[in-house]
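Enquirer: Make the full structure from the sequences, and use the hints.
In order, the protein sequences belong to chains A and B. With the UniProt record's numbering applied, the first sequence covers 1 to 299. With the UniProt record's numbering applied, the second sequence covers 1 to 305.
Mixed in with the good hints, there may be bad ones.
[To be verified] In silico negatives: residues of chain A with every beta carbon more than 12 Å from chain B:
| id | residue |
| --- | --- |
| 1 | ALA64 |
| 2 | GLN67 |
| 3 | GLU74 |
| 4 | VAL88 |
| 5 | ASP145 |
| 6 | SER170 |
| 7 | ALA174 |
| 8 | ILE175 |
| 9 | GLU177 |
| 10 | PRO196 |
| 11 | SER198 |
| 12 | PRO200 |
| 13 | ALA203 |
| 14 | GLY206 |
| 15 | GLU227 |
[To be verified] In the SDA-like style, the derived pairs of lysine to any residue whose C-alpha atoms are separated by at most 25 Å in a straight line are:
| id | chain 1 | residue 1 | chain 2 | residue 2 |
| --- | --- | --- | --- | --- |
| 16 | A | LYS228 | B | GLY244 |
| 17 | B | LYS109 | A | GLN285 |
| 18 | A | LYS144 | B | ASN30 |
| 19 | A | LYS113 | B | PHE305 |
Please keep in mind that the hints were generated in silico from the structure rather than gathered at the bench. Please read these numbers as outputs of a predicted model, since none were measured by experiment. Cβ atoms here follow ideal geometry from the backbone N, Cα and C, with glycine treated the same way.
Given next are the chains, with one letter for each unit.
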Amino acid sequence: MMTTTVKKNRADQRILDLIGYVFVGLVALVCLVPFLLVVSGSFSSESSITREGFGLWPKEFSLAAYQFAFQHPEQFINAYVLTISLTVVGTVLGLFISAMTAYVLQRQDFQWKSGFAFYFYFTTLFQGGLVPWYILMVNYLQMKDTYWALLLPPMLNVFYILILRTFLRSIPEAITESAKIDGAGDFTIFVKLILPLSKPALATIGLFTALGYWNDWFNSLLFVSNEKLYTLQYLLYKTLGNLEGLRKLMEVSGMRVAELPGESLKMALAIIVTGPIVLLYPFVQRFFVQGLTVGAVKG
Amino acid sequence: MKRGLLYRINANRSLLLMIAPATLFFFIFNYIPMAGIVLAFKQFRYDLGILNSPWVGLDNFKFFFLTGDAFNVTRNTLLYNAAFIVINNALQIVVAILLAEVGSKLFRKTAQTLMFLPYFISWVVVGAVAYNLFNYEFGAINTLLKSFGMEPLDIYTTAEYWKYILIFFSAWKVVGYGAVFYMASILSIDKETYEAADIDGANVFQRILHITLPSLRPTILILVLLAIGGIFRGDFGLFYQLVGNNGMLFQATDVIDTYVYRSLLVNNEVGMSAAIGFYQSVLCFVTILATNYLVRRTDRENALF
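Expert: This is how it looks when you write it as structure tokens:
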């Protein structure tokens, strides 16, 4: 039995469906196609790119770019090790400090909580700007060409601390109270009780922090001139900007310029640099969506 | 309960110790640079340091404002960010509404995964993508044009195109990410409201217009407000990785952030770039206070503070 309302709904539902499939499908396609172009470019022979340009499908399939990249892996391996180390160390430290801070900020019995919250929040309202920060880092903290310059700046983010605080508020205060009665100190309570209970929030913020480290190139741009401190993104940036980086690789291998898979190598490098994130992406995306949904939006 | 400050510090010592690392971190990396703003009024000399460098009053600001650069980069920053805010939010809302209303689970999942993908890659990789698309000799767009027998476009030397390219990539990167926020608010709308509308004979478009959109209002407001607070702060990665130091495009693509970066690291004009950074911070601060004030007056609940 179909009522007239349902019939009417079906007609307009079909129009909306049509709009939806076409529009969302188009947007999704536009999001995907540039990646396909890069993948295709990385698998194309250099000669076919110089002759016919980049296309959605390799005109001449070739693994030369990847072979070249993996033949002389020293710089990649170095950049990979550095980037992974920064990501792991920075995320673990940053997450621990952020969670600890968020925990203190939401403790109802901490009398200066609103003062401290404002102290942190104010940094998002007013900033000294690039120049004083740069001079502080370079001239006063002597961080140019150091691991610290890459590790420290992306470590803490006020918004992440505030999102964690919102999440921690949902853990009953009674847990802290009863542990206190049992004689546990604040830090013990935080490590033994609060941290295990906040896994979903920690996973989300941890992923955001890790993504920040993995994709960071800005701090390299500002503070790094030593090739040993090239992160993956910065290595790609250098390679895209000029062929200097490639030429250096070639000098090591004694190859001639003509043999250099320049254009395809740029694309292959983009793939290699993005690699782990894209492989992890389908698993990680779920956490992101959950985290965004839970933490949305007000800090 | 009147106790001395020392007593209270002692009673809270473990919590204070726990909050100390972050406090110290923001003191060093955020509060000390705020004091460094004095650089805007000094002629910085590396050998003398910030404190001992000589004062020059407003000289650092003069060049920036007299050459007309100030007007150009301020206008670019403002217009680009305004376009980003309007277009990105509109796209995200439309996508979120359509995703919530339309399609099989498989379609929704696939589309969402694809649209979220750009958010995960760095601006450097986006730079590679742009190079692949727009390069004069090998770029995919020119390859396509040539296959139709058309003339290739010289995109990297034509400023006019970059307005649209920058707006496109800004939207491209965040459409899936932002749609999640709006999806979350749509899913939290009470199902009964929709059923009641159905019974009253509303069609899906009326339902979207009269139920979904109004209930998205708080989310829209808060996201747009946050964005307006940063309307004088460009997304440095977007502009720098797509345009780089391509002087031919600056008229159309230079924003305050890229200008400050260039003055500092390319032209080494420490004082002037500090002055422009100061100018930017003040603009941002004033915009945040102003937007917050307006929201408090009209819609107290959604004010930021």
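Enquirer: Return the numbers of the hints above that this structure violates; sort them in rising order.
Expert: none
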